[in-house]
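Colleague: Top line first, the protein sequences correspond to chains Z and B. Quick note, this note's numbering runs 3 ahead of the 1-based positions in the first sequence. Quick note, this note's numbering runs 3 ahead of the 1-based positions in the second sequence.
Hints are computed from structural coordinates only; laboratory data are not their basis. It is possible that part of the hints are untrue.
Same chains, same names: a pair is fine if it fits in one copy or spans any two.
[Stated by the list, open to error] Listed next, the in silico BS3-like pairs over lysine-lysine satisfying Cα-Cα at most 25 Å (straight line): (1) K305 - K239; (2) K137 - K299; (3) K249 - K299; (4) K299 - K239; (5) K239 - K249.
Since the model is a prediction, treat every value here as computed from it, not as a measurement.
Protein chains: 2
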Amino acid sequence: MIVEKRRFVIPELLLYSGHGLQNVHMGYETYGELNDRGDNAVLIAHYFTGTSHAAGRYRESDPEPGYWDALIGPGKAIDTRKYFVVSCDTLCNLNTGNPDVITTGPTSVNPATGRPWGGSFPVVTIGDFVEAQKQLAEFLGIERFHAVAGPSMGAIQALEWAARYPHKVDRVIAAISCGLATEPFLIALLNAWCSPILLDPNFRQGDYHDGPLPAAGLTEALKLVTLTALHDGWAKRLFGRRPADKSKALPSDSGQLFAIESALQQTATARAAIADANSFLRLAKAVQLFSIEDRKHDLRSKFLFLPAESDLLMFPRYAESGAAELSSLGLSVETHFLKGDGGHLDGLNAIGQASEAVRAFMDA
Amino acid sequence: MIVEKRRFVIPELLLYSGHGLQNVHMGYETYGELNDRGDNAVLIAHYFTGTSHAAGRYRESDPEPGYWDALIGPGKAIDTRKYFVVSCDTLCNLNTGNPDVITTGPTSVNPATGRPWGGSFPVVTIGDFVEAQKQLAEFLGIERFHAVAGPSMGAIQALEWAARYPHKVDRVIAAISCGLATEPFLIALLNAWCSPILLDPNFRQGDYHDGPLPAAGLTEALKLVTLTALHDGWAKRLFGRRPADKSKALPSDSGQLFAIESALQQTATARAAIADANSFLRLAKAVQLFSIEDRKHDLRSKFLFLPAESDLLMFPRYAESGAAELSSLGLSVETHFLKGDGGHLDGLNAIGQASEAVRAFMDA
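In isolation and in its complexed conformation, chain Z is listed as follows:
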């Protein structure tokens, strides 16, 4: 499946913070066709470090398809022969250096100054992401969503959709998700993710666009993201206690690293090279602020939670308690556990095992 990245522009988006954001660019891609009634649409929302690229390939030569390709495509659980699937980049998407990403955020030019917003970009919320997506949906002629789905930060966007527009969202598929609000332990962990950026002397309150970038801090932040999204089973299987430099029997001086340290460093360095530190901070704050607790009585959708058993970031009990709360409100809720020892990332890498559960939920 070859897919095309498109651009949607919102002349002005009123943010939760009260700021009116002009000229908001949002990348998106679609798979399948919208029916005449405009009611066979599925919205896919992406995770913290993700992009709109949920399925297919942009180019035949792309080494990997989109992150939920196991679930989305012709004949797959989210069947693009039946559904019109839309997936878009969030505001403040992290990967500003990825040429396939189209987003408005701290690296965008502030029309008032003619310079990048940097640290002065307003706080954004998950609700703001939803409002931007809603404008795209209207532009595309979508009347209602058969389902809104996503993993992790994508799942909480789906929950936010269900709280804001209960009559436009028939189904929510929340993989590796919080319950009805971001739990305090995750709030604290997100704070820890951000700390290395704030410590980097190049960060300068986010006003780094004219100078050296806070690459070291962003690298450490992304290293911590990767680590907390994984699990010790993964670490053991791939690395064990091997030293990074196999010519030495034991890492016995302070400079020598274990293989797992070195691999995380390399991965994070590569990710940081195309990411933006201010965007990272805005996304973290958006996730911290997520809560639909006060609007839970508005909910009308059907819900499918897909927690990963070994998740150390959004523990399975977060989804379980959310599911229990929704059930107690009389809503239709199903929970299907992803097995594995890959941690939070099993919601991406091992999502295929939920295919039958998702297919049944989509058809019910």
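Using the hints, position chain B against chain Z.
Modeller: For chain B alone, coordinates are given in the frame of chain Z:
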């Protein structure tokens, strides 16, 4: 129980790295009396951020007793009417600004230069800690240990004792412990703990003793230690989603924090004020390097593992796999789980629930 901190000096300690360390000062305290045969001794080794202060109070006015006071004292599981309990500060103890701590480490003066070692202090290993403790034991007239015990980094010191001196250690009590080696996931997490220190511009390769201290980096490192040693049950119970500033309904600007963020910041700032960044790095490396895998066939002690069910730092399965491995070698191994939702710190804060298991193990 009022206890007295004492000082032991080792003229020269040969480290694993090959360095000969002169004039090593080690703080220690004892509870109970050594018998004539010198075989009723119990060694208590401390955790990463701990000190020798395992039980009792130094002064009547001390608000809290030592960290394992629930377990150690007259009539308690480790009964000081029967046992001579010794507890000592490790090399490179973290809390160099605590007046009750006596340690040799990066803040000590390098006799070759007359200046603090700083970043040039050699790498130390858990084995080095054990060798220093062994010299103290000999000085005190201890022939053998009825038990060597400790939580977390203390547990791995106990395991190292059993591997180095199998005929001098009758019992090992390993609370919130690794198995026979530090697992790769924990190696990576220790790396993440250290990152904020290395990012602090005041760190300057550890040569900060003449200038401003890397307090911000050390604070973030200690924040991450605290967070990873806890658990979401704790976070929910104590903080929920309350904002730090209750006068605002929602933390909606990037400066405002949730209560849990603010509390972790305050705690970490206070801890950092009496801690040393280079010592932190040396301790982290020592824990990363721990392994007795290659010496497991030498082991002769009885083992009691006390994993905490909600531990997110040294997962219960680490101790379980260690216990299984020791059992398969024909050794006597027991495992008793600490219940609770306090994470790794249940090995300190909730250790009292292991009293009967420890008492029975001590008498067996």
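Colleague: Taking 25 Å as the upper bound on the Cα-Cα distance, should K137 and K299 be classified as within, between, both, or neither?
Modeller: within (20 Å within a copy, 62 Å between copies)
Colleague: Could you place K239 and K249 in one of the four classes (within, between, both, neither) given a Cα distance threshold of 25 Å?
Modeller: within (17 Å within a copy, 44 Å between copies)
Colleague: Should K299 paired with K239 be assigned to within, between, both, or neither, using CA atoms and 25 Å as the limit?
Modeller: Classified as between: cross-chain Cα gap 19 Å, same-chain 41 Å, threshold 25 Å.
Colleague: At most 25 Å between C-alpha atoms: does K305 with K239 qualify within a copy, between copies, both, or neither?
Modeller: So K305 and K239 fail the 25 Å test inside a copy (38 Å) and across (27 Å) alike.
Colleague: For K249 vs K299, is the C-alpha pair at or below 25 Å within one copy, between two copies, both, or neither?
Modeller: Intra 55 Å, inter 23 Å, cutoff 25 Å: inter-copy only.
This entry does not satisfy hint 1, going by the numbered hints stated previously; all others are met.
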